[in-house]
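Participant: The lines below spell out each chain.
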Amino acid sequence: MEKLAYLLIFIGATFWIFSIFLMRAQWQPQLLAATILIVGIIIAHVWEELFREKK
Amino acid sequence: MARERVSQAEEWQAWAQRYDVEGGLRTFESGLTLKVFLGAVFIGLLMMPGSIYLTLVAGQSGAGAAPWVAVILFTELARRSFTTARRQELYILLGLTGAAVGSGIHYRAYPFVWYAYFINTPQAQSYEIADKIPYWVAPAKDAVAIAERSLLHMDWFWPIVIFLIMKLLAEVRYISASYFLFRLTADLERLPYPLAPIHAQGATALAETTGRGETWRWRVFSIGSMAGLFWGFFYIGIPSLTGVMMSTPIQILKIPFIDFTPSIESFAPSGMFALWTDFGLILQGFVLPFPIIISEFASAMFTQFILNPQILYRYEILHQWRPGLDMRGTKLFNDLDFWLSFDMGKSFSFAAVGLAASIPIMLSLRQSKQQQAGARGSLQTPPGRGDFPIWLMGGLWVVSMVVYVWIVHRMVPNFPVSFLIGFAFLYTPLHSYINARTFGVLGRPLFVLPYIHQATFILSRYEEIDIWFVHLPDEDYGAGTQHWRVLELTGTTFTSDVLGRALMVPLLIVATIVVWHFIWQIAPIPSSQYPFAQTWWPLYATDECLWKTSLRDGNSQMLQAIRGDYVSAGFTSSLAIYGFLWMAKLPSMWFYGIVGGIGQDPGMMVPRVIGALIGRFYMIKQFGLKRWFMYNPVLAAGFTCGVGLVGMATVAIALVSKAVIVKPF
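Residue numbers (our numbering), protein chains in the order written: chain A, 481 to 535; chain B, 552 to 1216.
These are calculated hints, taken from the structure and not from any lab test.
Ideal placement from N, C-alpha and C gives every residue a C-beta, glycine not left out.
Do not rely on the hints blindly, as some may be mistaken.
[As the list claims (entries may be wrong)] One side only, chain A facing chain B, incomplete, derived with CB under 7 Å:
#, residue
1, I489
2, A493
3, W496
4, M503
5, A505
6, W507
7, Q510
8, A513
9, A514
10, L517
11, I521
12, I522
13, H525
14, V526
15, E529
16, L530
[To be verified] Computed spacing ranges between beta-carbons, pair by pair:
#, chain 1, residue 1, chain 2, residue 2, range
17, B, K1177, A, K483, 34 to 44 Å
18, B, V949, A, L512, 32 to 42 Å
19, A, T515, B, K1136, 39 to 49 Å
[As the list claims (entries may be wrong)] Quick partial rundown of chain B residues pointing at chain A, CB under 10 Å, derived from the structure:
#, residue
20, F593
21, V904
22, L906
23, D1116
24, V1118
25, T1123
26, Y1129
Please put together the full structure from these sequences, using the hints given.
Facilitator: Structure representation (structure tokens):
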């Protein structure tokens, strides 16, 4: 789960940079990147709160 | 060596404990006693007419220091009566007298006299507003009540009835919603509320003076007060007093800042740097979390010296800036070009991050029911705190908001009700939640959505002017959450605070209307009797007319400045920063600092940075971490008290000088 969070945050951030430089910073791809980042951040917190302590 | 991951839960918990200088060990007592209530009513009602009068005459009310004066008077009375005053009593007294003295000092808080003036101004006539002011705002311009300058007249029936209902509903909404958010941010998430101990420790220190033994608190508070008196005299007193005697006041340090923006434009075009000279902010630097202050400053420096000049200006995103502009001009153009939109986006990221952190806590709530009160992820309350069922407060807010929306809908029946519902049940909760979180971490609000009313009016295609006179249901309860935290730190039961407010508010509303009536009876407002109002109210009237007619052609420069791609950039880049900090196992405090500082002027942060560095590298070594965190809120509270006292004395002298009539012979 931690790895998935890492992956999503990395993809989201990379896609955002890509959207800024290669897609003329249009708001639609930026918000898609934001959605990926939010999912990654939620998974990161779910892992921290619910799974990490159990481990 | 790999960095150890500290979860956000552990991080917040550690900071919350650091700011709880008594280690969470306290008993809760009621702060509302008969002597406190009578004292607050007496002092409040005695000072309130004076503060309203002072505002009309000199533009300054002295309301900031008045509660401290009341508390010092109260403690002195207690000492001379060989009795003691508890800190819970003093904190409730501070709150009640503050509410009483501050009540109605702003001309828009009790707007009857303002609208009685506004309806007859040439501006309102020429902008064709005067005849369109609704009956629930003010009587007709030729009404007897306005001619006789009386608020105690039947002509004011509807404005006053609507005002009373709205005020009481607003109080219910504020108490219930701020409590609800406090439970989420302080109990469930354990956000540290770094500025809450300053308010708490002032009352605690003064309470100790009435006891048998004085502790370190009174000594530290006195040192802070003396520093505040000295600084207040230097920074506020000298300019104010010389302003009374001379045409140009003497400012030893330029107020409020020294602008270096034109000086840096050769190497940082479109960057701004204005050094704020209020070195009282050093004390805030002592108190606020060190990582936040430093990361905020670093990111502000990066913005103004690299991002603005080397990227945004070079690629013509900041296209309105011209050489020679000062800080205000630079800020205005940069905001219009880019930062207004970007800041909106970054504010939304605080909500997104907050919700992302809260959702798993909610999911784990069932497990945490067995956890003790004070642990993160638990909604258990400390015994004796005087809590309310969270469903009750949530329900109260919903009911009072529904009633409020219904009344507003009746007042402006043709305005689309969907916009009112959107404001009440989407915008207000989001706005309040974001600011509750930023108060919990940074001690200040961060969420600002500019020109939301104008945008709403344009989208609704509503063209009547009456909508401008309605208070739309967009509210921010974020600041109120800090008050509950202060009550907790002082060991004051929540029930006593709510009861005190419930008793005081109706009394204050009636008293303030009566006081405005009598002040209006003395002389017309504005007139030469009230010089400040005479100077400024005509300007306010013009301003109000301009706003109310600004959308007649469906255009607004400010609205056109908001761009979706820049809002998205602010939102997504902030989330990316949060994500990278999490991946790098760095504290989430850095996120609030970095994102909070982007786009800001680093000059305004310099005093806080100085305070943070002195605290971190000298004071902590000198006193030890625990003792320094105990000392600094008390020191800051004393300082606030000292500056406030100087401010009040200065206002009094200015008032006397304005009361003296110079005869020409």
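Participant: Are there hints from earlier that the structure breaks, and if so, what are their numbers?
Facilitator: Of the numbered hints, 4, 19 and 20 do not hold.
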